[in-house]
Amino acid sequence: MSDWKIALTDVEVPEEDVQAVLECLKSGWLTMGPRINAFEQALAGFTGAPHAMTVSSGTAALHLACLAAGIGPGDEVLVPAFTFVASAAAVRYVGATPVLCDVISPSDFNIDPEDAARRITPRTRAIIGVHFCGYPAQAAALRALCDEHGLTLIEDCAQAIGATIDEDGRQVGTIGELGAFSFFSKKQLCVGEGGMVTTADDALATRVRLLRSHALTSSTWDRHRGHDPAYDIVDVGFNYRMDEPRAALGLSRLGRLSDSLAKRRESVRAYRERLAEVPGVELCFDETAVERSSHFAFPILLADRERRDRFRDDLKAAGVQTTWYPALHTFTDYRSYVPADGLPGATEVAARHCALPLSSSMRIDDVDLVVTAVRKAVAA
Amino acid sequence: MASTETFPELPLFDLELQPEDLEAVAETLRSGWLTLGPRTAAFEEVFAEHLGARHAIAVSSCTAALHLAYLAAGVGPGDEVIVPSYTFAATAAAVIYCGATPVFGEIVSREIPSLDPEDVERRITPRTKAVCIVHFAGYAAQADRMKELCDRHGIALIEDVAHAPSATLHGRKLGTWGLAGAFSFFSNKVLSVGEGGLLCTDSDEVAALARSLRSHAMTSGTWDRHSGRTDTYDVVGLGYNYRLDEPRSALLLSRMGRIEREIERRRELTLRYRSLLADVEGITVPFTDEEVPTSSCYVMPIMLAEDGRQAEVSSALRERGIQTSIFYPSIHRFTAYRERFPGVTLPITELASRTELTLPFYPHMSFADQDRVVTALDEAVRTRGGPAA
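So the protein lines, in turn, are chains Y and B.
One point on numbering: in the numbering used here, the residue at position 252 of the first sequence is 431, and numbering is uninterrupted.
One point on numbering: in the numbering used here, the residue at position 366 of the second sequence is 413, and numbering is uninterrupted.
Here chain Y stands alone, though its shape is the one from the complex (with noise of 0.2 Å):
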């Protein structure tokens, strides 16, 4: 076991999610039924979106998007090579080729529409325009060029619910024709595995209902209520279920989500704050994406890959725990997708970045104390 001072996030279960899921095991029923419905229609509520359908992952999520945007053998999606490795994955699961794109800066690292125009071709069929850390992407200049081109939006939230996108509130996972979120353990609304696919689309909706079951024409639960047992199969489908103790724990857990997520941006705006005069650290975004964020990492800029490695050898010498996302063409798996141009802005963001500590129940003092190793680190 690790004995970090303070370890790079946190996650609380109180006794109200512990009954939550206790209750639901004590009822015997496990598999999608009355719970996952539950689930699903709050964090309709909750996101805006008019379906919410729960799945198995954040990475389940894209591939059912990904199906249910109709994308296949032969096309092209664009996707930012500053992302976790399943925004691209979930592309070559359908059978069609990531092409990546760069962030419009390493300190406004979201992806770039002028990059991704330019990386436009007869192939392109869609754009996974992933909102990073919880920051928001130019969700209005990617549904432009969608609506332009005649492309799909396929919204990564995986790492971003209850961001939101414009002065009105109106949340990610609402703008383009699908939203793909995760509420893998580290993530701000967390089950352990999990994960939901959005859209207003009823026929995209009811896609991705049949797909994520093994395309059967009824579940178990329609049985079990009396429905016929006889059902068909009309496509090749998947398991990427939910379940229903995951879901008691999901929606015990959203009740707290808003409160949650405005602890997280406090203590960005202390972290911002204590870190805006410390030379040799630049931060990253401005207020209105601070604002808007729902704030899954809090990651700064250091000069360069060598201070940046030093600096998280000093934080992890003080007890900080510290992370970096790596940018997908640095993996052996992803070399081949590099463009001739290349990735100028991802590789810059992925050698400079490193997150810090942040969690919904980080106290001012945890900021302090990671300010000040921060501040001897850079010092050194």
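Distance windows between CB atoms, simulated:
| hint | chain 1 | residue 1 | chain 2 | residue 2 | range |
| --- | --- | --- | --- | --- | --- |
| 1 | Y | 220 | B | 271 | 29 to 39 Å |
| 2 | B | 125 | Y | 300 | 21 to 31 Å |
| 3 | B | 281 | Y | 413 | 33 to 43 Å |
| 4 | Y | 300 | B | 192 | 47 to 57 Å |
| 5 | B | 77 | Y | 413 | 40 to 50 Å |
| 6 | B | 92 | Y | 519 | 44 to 54 Å |
| 7 | B | 125 | Y | 496 | 49 to 59 Å |
Please keep in mind that the hints were generated in silico from the structure rather than gathered at the bench.
Ideal Cβ positions, reconstructed from N, Cα and C, are used throughout, including at glycine.
Once you've looked at the hints, dock chain B against the given chain Y.
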């Protein structure tokens, strides 16, 4: 719709968890560590030991385990995998995930509803990469003969053990005969947890591949990074998110302590069902009394002697508050498969699919409920109702 909904008085299956199970899950949740970590590792160790297998890799579902097993067998585009049609669709769907073609084999008979080795041998072509046998209802398929056959042809044997944890053939656990075995922990299964599965293997390479691909072919996990073991990772292949999480592993680990006792109870109830059903005319009961002690007795299947009465008998039982199911409709007859693989004819499988009914069955079922099911079935089979809707 809602007005016609009825919860069955006697459901197909029912699950009763124990206080120790709840405590194990509660303790895990309170720890705050929910993703792949020490509890999953502990469960894998216990399950591997239970099977006598070198490796057990917990995954998100049996479908995921089958997908990884086929990938480990080298199944890819252009390849063929021989599978039964008398099984759940995942057995075949996972072949399609690999870009390969499922070739449907015939079962031995309605009394022995598992793949017929002679039929399988006739379907082997130069493109055949693997055979997947299904240990239907928890009873051993002919794993010994299939192993010999696969070895002779240089192809992989995969076992779909979704129904059969802890069942054996010649004293050897099912799932350990082939290159890999795929287990299910779906909510109605013998060892259920909600959604979950596991791949077992004796091969170090298969285990390494499965561990890598279940978590995006990343060279380190969140737990490794949290525990300070490593700092970053590479991605070395096209992987998936097929991970199980810690609360489910804790539940499985807790339930593993009772699995033998629960299966023993299933065997007693199965023998009792079989003896009661022996007096019902117009049905046959697959398998034999002699096979029960080595089976995991997952479900209680019966076959109606007469073709064309399945829907009628099923709805007659439903009217009496008894839920039944069909294990299984033939995969090759589903719309998705007829479209992709037309012209498949498997007379024994099709007859089994048209005449099978699965009766309510679970370890805490009472004798009185068993009697009630058998009486109702006897009446339903003897009473000729109109054609069912």
